[in-house]
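Take the sequences, apply the hints, and build the full model.
2 protein chains.
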Amino acid sequence: GERTAKAERMFELMDGFLKNDPLSLQKDILDHVEYTVARSRFSFDDFEAYQALSHCIRDRLIERWHDTQLHFKRKDPKRVYFLSLEYLMGRSLSNSIINLGIRDQCADALSQLGFEFEVLAEQEGDAALGNGGLARLSACQMDSLATMDFPAWGYGLRYQYGLFRQVILDGFQHEQPDYWLNFGNPWEIERVHVTYPVKFYGTVEEEILNGEKHQVWIPGEMVEAVAYDNPIPGYGTRNTITLRLWAAKPSNQHDMEAYNTGDYIDAVVNRQRAETISSILYPDDRSHQGKELRLKQQYFFVSASLQDIIRRFKDVHKDLNQFPDKVALQLNDTHPALAIPEVMRVLVDEEHLGWNKAFDIICKIFSFTTHTVLAEALEKIPVDLLESLLPRHLQIIYDINSFFMEELKKRIGLDYNRLSRMSIVEEGAVKSIRMANLSIFCSHTVNGVSKLHSELLQTRVFKDFYELWPEKFQYKTNGVTQRRWIVVSNPNLCALISKWLGTESWIRDIDLLMGLREYATDISLHQEWRMVRRVNKMRLAEYIEATSGLKVSLDAMFDVQMKRIHEYKRQLLNILGIIHRYDCIKNMAKDDRRKVVPRVCIIGGKAAPGYEMAKKIIKLCHAVAEKINNDSDVGDLLKLVFIPDYNVSVAELVIPGADLSQHISTAGHEASGTGSMKFLMNGCLLLATADGSTVEIIEEIGEDNMFLFGAKVHDVPTLREKGSTIKVPLQFARVVRMVRDGYFGFQDYFESLCNTVEGNNDYYLLGADFESYLEAQAAADKGFIDQEKWTRMSILSTAGSSRFSSDRTIQDYAEKTWGIEPCRCPL
Amino acid sequence: GERTAKAERMFELMDGFLKNDPLSLQKDILDHVEYTVARSRFSFDDFEAYQALSHCIRDRLIERWHDTQLHFKRKDPKRVYFLSLEYLMGRSLSNSIINLGIRDQCADALSQLGFEFEVLAEQEGDAALGNGGLARLSACQMDSLATMDFPAWGYGLRYQYGLFRQVILDGFQHEQPDYWLNFGNPWEIERVHVTYPVKFYGTVEEEILNGEKHQVWIPGEMVEAVAYDNPIPGYGTRNTITLRLWAAKPSNQHDMEAYNTGDYIDAVVNRQRAETISSILYPDDRSHQGKELRLKQQYFFVSASLQDIIRRFKDVHKDLNQFPDKVALQLNDTHPALAIPEVMRVLVDEEHLGWNKAFDIICKIFSFTTHTVLAEALEKIPVDLLESLLPRHLQIIYDINSFFMEELKKRIGLDYNRLSRMSIVEEGAVKSIRMANLSIFCSHTVNGVSKLHSELLQTRVFKDFYELWPEKFQYKTNGVTQRRWIVVSNPNLCALISKWLGTESWIRDIDLLMGLREYATDISLHQEWRMVRRVNKMRLAEYIEATSGLKVSLDAMFDVQMKRIHEYKRQLLNILGIIHRYDCIKNMAKDDRRKVVPRVCIIGGKAAPGYEMAKKIIKLCHAVAEKINNDSDVGDLLKLVFIPDYNVSVAELVIPGADLSQHISTAGHEASGTGSMKFLMNGCLLLATADGSTVEIIEEIGEDNMFLFGAKVHDVPTLREKGSTIKVPLQFARVVRMVRDGYFGFQDYFESLCNTVEGNNDYYLLGADFESYLEAQAAADKGFIDQEKWTRMSILSTAGSSRFSSDRTIQDYAEKTWGIEPCRCPL
Ligand SMILES: Cc1ncc(COP(=O)(O)O)c(C=O)c1O
Ligand SMILES: Cc1ncc(COP(=O)(O)O)c(C=O)c1O
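Chain order of the listed sequences is A and B. So the number in this note's numbering is just where the residue sits in the first sequence, counting from 1, plus 35. So the number in this note's numbering is just where the residue sits in the second sequence, counting from 1, plus 35.
Heads up, some of the hints might be wrong.
Note that identical chains are pooled: a pair holds if it fits in a single copy or bridges any two copies.
What the hints assert, rightly or not - Below, a list of computed lysine-lysine pairs in the DSBU-like style, where the Cα atoms sit at most 30 Å apart:
{"#": "1", "residue 1": "284", "residue 2": "326"}
{"#": "2", "residue 1": "349", "residue 2": "851"}
{"#": "3", "residue 1": "284", "residue 2": "234"}
{"#": "4", "residue 1": "62", "residue 2": "108"}
{"#": "5", "residue 1": "851", "residue 2": "361"}
{"#": "6", "residue 1": "486", "residue 2": "586"}
{"#": "7", "residue 1": "851", "residue 2": "445"}
{"#": "8", "residue 1": "486", "residue 2": "108"}
{"#": "9", "residue 1": "486", "residue 2": "349"}
{"#": "10", "residue 1": "445", "residue 2": "466"}
{"#": "11", "residue 1": "534", "residue 2": "248"}
{"#": "12", "residue 1": "625", "residue 2": "113"}
{"#": "13", "residue 1": "507", "residue 2": "392"}
{"#": "14", "residue 1": "762", "residue 2": "650"}
{"#": "15", "residue 1": "817", "residue 2": "757"}
{"#": "16", "residue 1": "234", "residue 2": "110"}
No lab work stands behind these hints: they were computed from the structure.
Encoded structure:
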């Protein structure tokens with residue numbers, strides 16, 4: 036009766052989906068200018084046009100997102116939940132428009148209104164909710180999960196301040212908070228009613244229930260988690276999945292009494308501090324400082340996500356025993372590993388399952404991916420901290436550990452050394468919980484992020500575990516999404532590839548890219564290829580001039596090293612190499628200088644705020660640049676630029692313009708590396724050590740297609756043992772001495788930096804690798820002169836990059852780790 | 036060329052204003068459900084429908100608001116800026132729809148979609164950014180300013196938490212933070228680019244500029260003020276003005292250094308605390324505690340508003356001497372009085388005007404309205420606090436005071452007593468700045484809020500000033516807007532009035548209301564009038580049952596006292612009167628009981644969290660209610676209900692349902708009172724003392740048309756002197772004793788409360804007024820039995836309320852104080 040009348044009315048008013056012809060787009064844009072951005076249709080600037088356009092795209096995303104969620108609900112497939120504390124999404128506008136397939140229509144619509152699409156896209160700030168590789172990987176994988184129609188959810192934290200902005204003053208790094216939400220964020224949907232209470236502190240008490248003893252957690256504090264959904268559209272599909280990020284809000288359900296006693300204003304201000312939990316991303320990508328706020332973030336994230344996941348399961352299913360048939364939980368590093376004791380707590384304390392039953396479920400649902408290479412870098416949580424913040428979880432972890440130790444003893448007997456190495460609890464000055472050990476024991480699968488990484492895990496870091504449970508260990512080499520790293524960021528190359536392959540299908544089916552090999556020597560491809568590369572270099576050169584005032588020659592080789600600043604990544608090796616090159620030019624006869632291949636050396640990356648050596652490397656880079664760039668002897672033969680505030684958008688601009696890129700970590704220190712893959716895809720040649728995923732890149736494109744150098748993984752321990760007895764090349768000593776002697780100024784400041792690479796201190800083997808580094812650089816110079824050869828190598832690099840698409844990574848995960856299948860939303 | 040092409044394109048795409056037929060409204064609502072609320076068109080609940088509808092109305096408001104702002108810009112009239120730290124707006128949906136004139140269309144559109152307009156309107160939470168009368172007055176005046184087409188702006192603070200929610204537990208008041216923004220606020224437009232830096236702390240240094248000495252403030256801290264615009268639509272006009280509220284955000288322009296030294300996380304967390312400035316409304320409407328946070332709020336508000344106002348002036352005018360021709364600044368009480376030294380600082384330190392020139396401008400732009408009755412309650416700021424937070428402002432205030440003292444000496448000679456009474460600086464244990472004295476000296480006009488208030492100001496509080504500058508002193512009796520207080524909240528009465536007056540014009544032209552006098556004895560109006568009142572009582576009775584479980588009889592007299600709990604407002608007198616009535620009923624013969632007029636006594640209101648006596652009054656009310664409501668001897672003859680969490684929405688529900696309302700402050704304590712006006716408009720009879728605006732209500736409707744009692748203003752001092760020698764009626768002693776003796780429990784807790792009304796302590800003269808209070812109550816009972824008389828009185832109350840429309844108040848202000856004229860936006 037009435038209900039049908041109502042439903043009919045609604046159907047009548049549905050005139051199908053939003054239209055994407057330029058006229059409809061224009062109308063929608065102008066409506067958003069007036070009603071959403073609240074500006075006049077007749078006067079709005081580029082930023083306001085960006086906002087309006089974004090809302091117009093958001094509307095279209097929402098349509099697909101609704102349909103996808105409804106479809107998943109109807110089909111009820113097994114779902115994967117990707118738990119990560121970091122996502123480096125970058126900008127969303129271009130990516131969304133491309134994945135929706137309406138780039139041209141949008142550009143047309145805008146140009147008639149007097150706006151340029153590219154200019155508007157530049158208005159968007161980066162969503163930088165992560166530090167580096169791990170976080171960008173999460174973002175790439177979300178894109179692949181959506182494109183490949185997998186029923187997947189990402190969960191994360193909605194930091195109010197993303198990764199700090201790097202500002203350079205006098206060559207020193209300063210950190211500025213990243214107020215990324217200050218101008219609104221059209222890419223998220225606030226879900227004011229999707230909230231969960233998250234509890235902290237308090238005590239554990241024993242209760243008798245049905246004659247049985249139960250542990251009950253009586254929490255002392257409560258905050259509210261509010262969901263913000265970020266729709267992630269797939270390419271060439273209607274599927275649009277959810278990245279759900281949680282923000283902390285003061286809870287209004289709790290401790291009302293507090294307000295009848297003390298000072299009302301104080302009480303409210305204190306409670307408001309709850310929001311601090313989700314306010315800042317920890318700006319360190321390798322070290323863990325055991326800070327309470329960080330632990331709070333982790334649990335806040337885990338608790339809210341699991342409440343949501345369990346709620347979704349229970350909406351449809353009654354029996355928790357079916358949980359593993361419907362749910363896969365992926366731990367992105369150990370950051371979300373508190374999910375293990377949290378699920379145990381819910382199953383045992385709240386759902387009253389028996390311990391064994393509960394643990395059985397745990398072992399079927401979790402898979403764990405580690406990004407760490409060194410045992411020392413594994414995350415540990417001080418027991419004291421955990422005991423005060425999450426007393427019940429500590430108990431559960433202890434219980435899991437007892438069980439684990441019993442199992443172990445059955446397998447290996449009373450080998451106390453090994454037992455104590457493998458134990459989840461680390462005794463010592465600061466008693467701690469080893470999150471990796473917990474994660475390995477409780478996961479059905481442990482993944483490394485490259486073949487080499489996996490070998491290191493099996494033979495070094497997790498040897499004890501591997502020997503007992505070899506079947507748990509797998510690896511899925513990282514990948515990057517060609518949608519963002521070619522289609523969005525290098526439209527000219529994208530068009531070129533499609534033209535030569537005769538199809539755009541490679542955008543969803545990356546293996547087709549290999550088809551380019553066929554034309555690797557085709558002269559007319561060569562011409563077009565070089566043209567595309569030159570246009571990209573021009574764009575980069577303009578950016579360099581705009582940001583640093585430096586004019587660079589397009590004929591020079593653009594040599595890029597952009598990534599987080601770390602001693603192991605050896606930006607210092609690069610800088611010392613540049614000093615060497617400079618020194619050579621200075622000492623050359625004028626005539627000889629004509630033979631030098633001109634270089635523009637580009638370095639970029641952020642240092643963790645507390646990482647002193649990394650900050651000194653940044654300063655050294657600036658000091659050296661100051662000298663070189665102002666030396667008229669050198670001119671265009673050598674330039675050094677530091678590009679500040681490296682982030683996804685900067686990467687999108689720089690990578691397509693690079694001729695050569697450096698990935699020169701000391702072998703055995705980079706778990707995978709994904710930066711290299713992006714350069715590779717874009718036809719940039721690599722100058723690299725055989726570390727992380729580079730080993731597999733070599734397998735794909737061959738040693739001859741790149742510039743390889745340096746010690747191999749198994750050489751490293753030996754070299755380190757040798758220490759100061761290694762004969763270091765004279766040139767190396769010379770360039771270090773130049774720094775020491777104040778040739779670039781700041782003599783005192785650089786002293787400690789110089790110390791790190793001399794004698795027994797040279798842990799990262801800069802001295803040992805210097806000679807072969809210079810040789811590789813010389814080979815690159817030589818290669819660059821032969822432009823035909825270089826172009827062929829460049830084409831083969833792109834053609835050989837298909838193995839490094841995150842589509843392949845995700846396909847592997849789906850099949851071999853998560854056991855999920857595509858669930859495609861009909862059109 | 037290109038620009039015209041672009042403009043033409045935009046005109047083409049403008050198909051005029053949004054349409055308001057039900058079909059267009061439905062389409063817009065469903066679009067907002069899908070794209071703004073991000074729910075499915077086929078499944079959304081009442082709250083989501085409310086959100087969608089609100090956005091749909093917001094779109095329409097934005098259209099008018101744009102046009103109005105553009106019109107003002109073109110015409111450039113003199114503008115009034117209303118500066119108030121508090122606005123009690125209540126809900127916006129119904130009000131907006133009514134002012135837009137599309138109530139029926141909306142109701143139709145919704146009902147076809149299966150929703151009821153009234154139900155959706157109930158979903159909205161109150162915007163409660165104020166304490167009581169002063170704040171609601173600001174809101175009413177904004178409505179009048181918009182309706183009467185004045186070029187006006189309201190400025191205020193966007194508190195993240197409004198006035199606390201009152202929760203009653205066991206009869207005690209508890210305070211809950213009011214998370215009013217948690218579910219989004221469609222009624223504001225975030226203006227991310229309208230931001231100003233606001234500075235605090237630091238030092239003052241001397242600089243030489245062009246050979247002249249200048250004082251320069253070197254601030255130590257900076258936060259950012261972001262604007263949120265709330266469109267305020269007028270009724271029967273296109274004009275839609277702006278209420279601009281400021282929120283505090285951490286500033287990103289400042290102290291970058293901080294981040295290269297200490298701990299990055301700590302630094303960001305500390306900076307984030309900037310947001311605290313605008314987070315909480317101080318929940319006290321009469322006392323000032325000299326807290327730093329409060330002072331910060333005041334200056335934050337003043338500084339941001341003035342930057343905005345001066346920027347707007349300078350966009351068009353070069354010469355600051357014209358400022359007074361274009362700008363009127365209205366100080367709503369002394370809360371924004373820092374605007375005076377701030378304008379001086381800008382003119383002298385930043386614009387480099389001479390001191391005299393600057394002070395001349397000051398004296399032409401400011402007008403000041405005081406809401407205070409007692410000298411003791413005037414706001415003072417400790418010099419220490421000001422010196423640390425705003426060192427330059429303190430200097431300027433000192434300079435103003437020196438100038439003031441010199442002027443005074445010329446007029447009154449060396450009368451040091453008087454000089455020190457009038458000085459802006461108060462010496463004493465805590466050296467302080469008297470904000471009222473500053474405001475009076477620097478304003479061209481000082482307004483009281485009722486005739487009686489004005490007399491008190493002239494003869495007591497500001498006698499010294501009045502004698503010297505009588506021409507400065509005016510009064511504008513407060514008013515309330517009939518749009519909200521009849522049209523929105525009492526639609527049945529609204530329709531009835533329009534029917535009998537034959538026009539709806541009274542909604543803009545309130546004097547027409549007097550036309551009802553003609554029909555005051557018309558029997559058929561009587562019938563309809565009573566019917567309307569009964570329906571409203573029914574709605575109120577349902578609310579009472581829903582919130583407290585108490586069933587009340589519609590035949591009883593609904594007797595309401597709802598307002599902030601204060602000793603001077605004498606809720607205690609009311610309760611003691613109720614105890615007396617209860618006592619009488621208990622002691623009556625059964626037969627006599629039949630003659631008793633049944634009563635439902637309704638009390639409501641919030642106590643400031645730190646105001647102990649007010650909280651005890653609330654508890655006493657509950658204790659007495661507990662006794663009476665459960666006494667079967669009493670039955671329907673007497674009920675006592677406390678309605679919790681009094682706010683604008685509750686007022687809108689309760690006022691139309693009241694037969695009698697009490698405004699019983701000790702004479703000389705209520706500056707005006709606006710609650711009484713709302714009851715009056717709705718045909719509720721008043722039981723009142725001759726205090727505040729009641730004196731003028733008497734002038735309008737006559738003493739016979741209400742129930743007046745108690746000491747008059749000039750009696751009060753004499754009565755107080757008499758103190759315990761006054762003969763207090765026996766009944767009074769008896770009811771107080773009942774409380775003392777624990778008849779209602781909580782004997783110890785109530786002891787101190789009882790002490791406040793006995794003997795010399797009875798400052799508010801409850802004892803002295805008790806007898807005449809009971810007589811007035813008896814007269815009300817008698818009046819109620821004669822329903823014809825009562826109805827006539829009720830009609831005459833409404834008919835006589837036109838003088839108390841805020842339209843009249845604003846007309847007076849515009850003519851006599853601000854010197855502004857209407858500026859009507861063409862249709
Ligand atoms: C902003 C950003 N940071 C870090 C990385 C990871 O770089 P790498 O794998 O070279 O350390 C990437 C990858 O492109 C990136 O875009
Ligand atoms: C919520 C609220 N508080 C306070 C007041 C002021 O009431 P009074 O003037 O009776 O103190 C009003 C007026 O209606 C109101 O609506």
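Verification of the hints:
1. In this homomeric assembly, residue 284 and residue 326 come within 30 Å of each other (Cα to Cα) both inside a single copy, at 21 Å, and across copies, at 26 Å.
2. For a Cα distance limit of 30 Å, the shortest separation of residue 349 from residue 851 inside one copy, 26 Å, qualifies, whereas the shortest one across copies, 68 Å, does not.
3. In this assembly of identical chains, residue 284 and residue 234 lie within 30 Å of each other by CA distance both inside one copy and across copies; the values are 12 Å within and 28 Å between.
4. In this assembly of identical chains, residue 62 and residue 108 lie within 30 Å of each other by CA distance solely across copies; the values are 27 Å between and 33 Å within a copy.
5. For the identical chains of this complex, residue 851 and residue 361 are intra-copy neighbours only, at 16 Å inside a copy versus 74 Å across copies, given an alpha-carbon limit of 30 Å.
6. For the identical chains of this complex, residue 486 and residue 586 are neighbours neither inside a copy (42 Å) nor across copies (76 Å), given an alpha-carbon limit of 30 Å.
7. Only within a single protomer do residue 851 and residue 445 lie at most 30 Å apart by alpha-carbon distance; the minimum there is 29 Å, versus 95 Å between protomers.
8. Within a single copy, residue 486 and residue 108 get their C-alpha atoms no closer than 37 Å, and across copies no closer than 68 Å, so neither meets the 30 Å cut-off.
9. Taking CA atoms no more than 30 Å apart as the test, residue 486 paired with residue 349 passes in neither setting, with 39 Å inside one copy and 66 Å between copies.
10. Proximity of residue 445 to residue 466 under the C-alpha cut-off of 30 Å is restricted to the intra-copy arrangement: shortest distance 25 Å within a copy versus 79 Å between copies.
11. Taking CA atoms no more than 30 Å apart as the test, residue 534 paired with residue 248 passes in neither setting, with 70 Å inside one copy and 73 Å between copies.
12. Proximity of residue 625 and residue 113 under a CA criterion of 30 Å is satisfied in neither setting, with 69 Å inside one chain copy and 74 Å between copies.
13. When the C-alpha separation of residue 507 and residue 392 is checked against a cutoff of 30 Å, the pair qualifies only within one copy, where the shortest distance is 21 Å, while the shortest distance between copies is 83 Å.
14. For the homomeric pair residue 762 and residue 650, the shortest alpha-carbon distance inside one copy (29 Å) is at most 30 Å, but the shortest distance between copies (84 Å) is not.
15. For the identical chains of this complex, residue 817 and residue 757 are neighbours neither inside a copy (33 Å) nor across copies (110 Å), given an alpha-carbon limit of 30 Å.
16. In this homomeric assembly, residue 234 and residue 110 never come within 30 Å of each other (Cα to Cα): the closest approach is 34 Å inside a single copy and 57 Å across copies.
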